[in-house]
Amino acid sequence: SQQGEEDPQALSIQEGENATMNCSYKTSINNLQWYRQNSGRGLVHLILIRSNEREKHSGRLRVTLDTSKKSSSLLITASRAADTASYFCATGVSNTGNQFYFGTGTSLTVIP
Amino acid sequence: DAGVTQSPTHLIKTRGQHVTLRCSPISGHKSVSWYQQVLGQGPQFIFQYYEKEERGRGNFPDRFSARQFPNYSSELNVNALLLGDSALYLCASSSPGRTGGLQYFGPGTRLTVT
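First to last, the sequence lines map onto chains A and B. Going by the working numbering, the first sequence opens with residue 3, and the numbers climb by one from there. Going by the working numbering, the second sequence opens with residue 843, and the numbers climb by one from there.
Everything labelled a hint here was simulated from the structure, so no lab data went into it. Don't be surprised by glycine CBs; every beta carbon is placed ideally from N, CA and C. Hints are not guaranteed to be accurate.
Unchecked claim - The calculated lysine-lysine pairs, modelled on DSS-like cross-linking and capped at a C-alpha distance of 30 Å, are: (1) A:Lys28 <-> A:Lys72; (2) B:Lys855 <-> A:Lys28; (3) B:Lys872 <-> B:Lys894; (4) A:Lys58 <-> B:Lys872; (5) B:Lys894 <-> B:Lys855; (6) A:Lys71 <-> A:Lys28.
Said to hold, decoys possible - Listed below are several chain B residues computed to face chain A (Cβ distance under 7 Å; list not exhaustive): (7) Gly870; (8) Pro949; (9) Gly950.
To be verified - Ranges between beta-carbon positions, derived for each pair: (10) A:Val46 <-> B:Phe911: 43 to 49 Å; (11) B:Asp904 <-> A:Thr111: 37 to 43 Å; (12) A:Ile113 <-> B:Gly858: 34 to 40 Å; (13) B:Asn919 <-> A:Val46: 24 to 30 Å.
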């Protein structure tokens with residue numbers, strides 16, 4: 003079963019607006035990563051936040067992590083049509099290797 | 843440097859057949875993971891290999907198996923294919939650190955079982 007769940011399942015916004023996606027997970031983690039996927043092809047890594055970090059920025063992306071609530075959020079500021087894609091969170095569990103469990107994804111549509 | 847490569851890109855098989863999917867990691871990466879992504883869902887973890895040893899296995903039946911070769915490339919094998927095995931199969935490579943490394947994904951193999 004999926005480790006995490008993203009909310010909302012689908013999001014539609016106008017170009018220039020901000021988009022916020024949330025991820026909840028179930029077990030203790032080493033880190034949490036956000037990925038983007040276009041048209042059902044390979045995933046592109048966006049940002050990684052470690053379990054001892056609370057907030058991280060990368061360009062127009064801002065990620066927060068609340069380990070007490072087992073949740074994370076991804077904020078995309080000043081959205082562009084090219085941001086249209088599915089976004090997934092993936093939790094890295096504390097095990098012998100890098101095993102990542104993905105959420106159900108948020109489908110983002112940015113309307114030009 | 844080349845990214846993660848997977849072959850074939852697309853594959854059509856019949857129920858009951860066997861399939862082998864291949865993955866070449868990024869040069870220098872010793873860990874390879876396999877994921878299954880059914881249409882409309884997130885990827886599900888199948889296997890992780892590191893230094894040719896299995897380091898993790900997801901909740902998949904024994905029909906699924908994998909191996910990693912001395913050059914760190916990997917194969918995923920699925921026997922006795924079912925219609926439900928139709929999915930995008932993703933391979934990811936990484937260079938694990940103490941708290942986990944970034945995973946770099948290949949473009950995937952689209953498997954259709956008829």
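Hints, one by one, checked against the model:
A threshold of 30 Å between alpha carbons decides the hint, and for A:Lys28 with A:Lys72 the separation of about 7 Å falls inside it, so the pair holds. Restraint check for B:Lys855 and A:Lys28: the C-alpha separation of about 36 Å exceeds 30 Å, so the hint is violated. Simply put, B:Lys872 and B:Lys894 have alpha-carbon atoms about 8 Å apart, close enough for the 30 Å limit, and the pair holds. Taking the CA atoms of A:Lys58 and B:Lys872, the gap is about 27 Å. The hint holds against a cut of 30 Å.
Only pairs whose Cα atoms come within 30 Å are accepted, and B:Lys894 paired with B:Lys855 is accepted, the gap being roughly 28 Å. Distance check on the hinted pair: A:Lys71 and A:Lys28 sit about 10 Å apart at the alpha-carbon level, within 30 Å; holds. Interface hint at B:Gly870: violated, since its Cβ lies 15 Å from the closest Cβ of chain A, which is beyond the 7 Å cut-off. The restraint placing B:Pro949 at the interface with chain A holds, with a minimum CB-CB distance near 4 Å, inside the 7 Å limit.
Contact between B:Gly950 and chain A, as hinted, is supported at the beta carbon level, the nearest pair being about 5 Å apart and thus within 7 Å. The hinted window of 43 to 49 Å between A:Val46 and B:Phe911 is violated, with their beta carbons roughly 26 Å apart. The given range of 37 to 43 Å is respected by B:Asp904 and A:Thr111, whose C-beta atoms sit roughly 40 Å from each other. One distance hint, 34 to 40 Å for the beta-carbon pair A:Ile113 and B:Gly858, is violated here, with the actual separation near 46 Å.
In this structure the supplied range 24 to 30 Å holds for B:Asn919 paired with A:Val46, their Cβ-Cβ distance being about 27 Å.
Hints 2, 7, 10, 12 from the list above are not met by this structure, while the remaining hints are.
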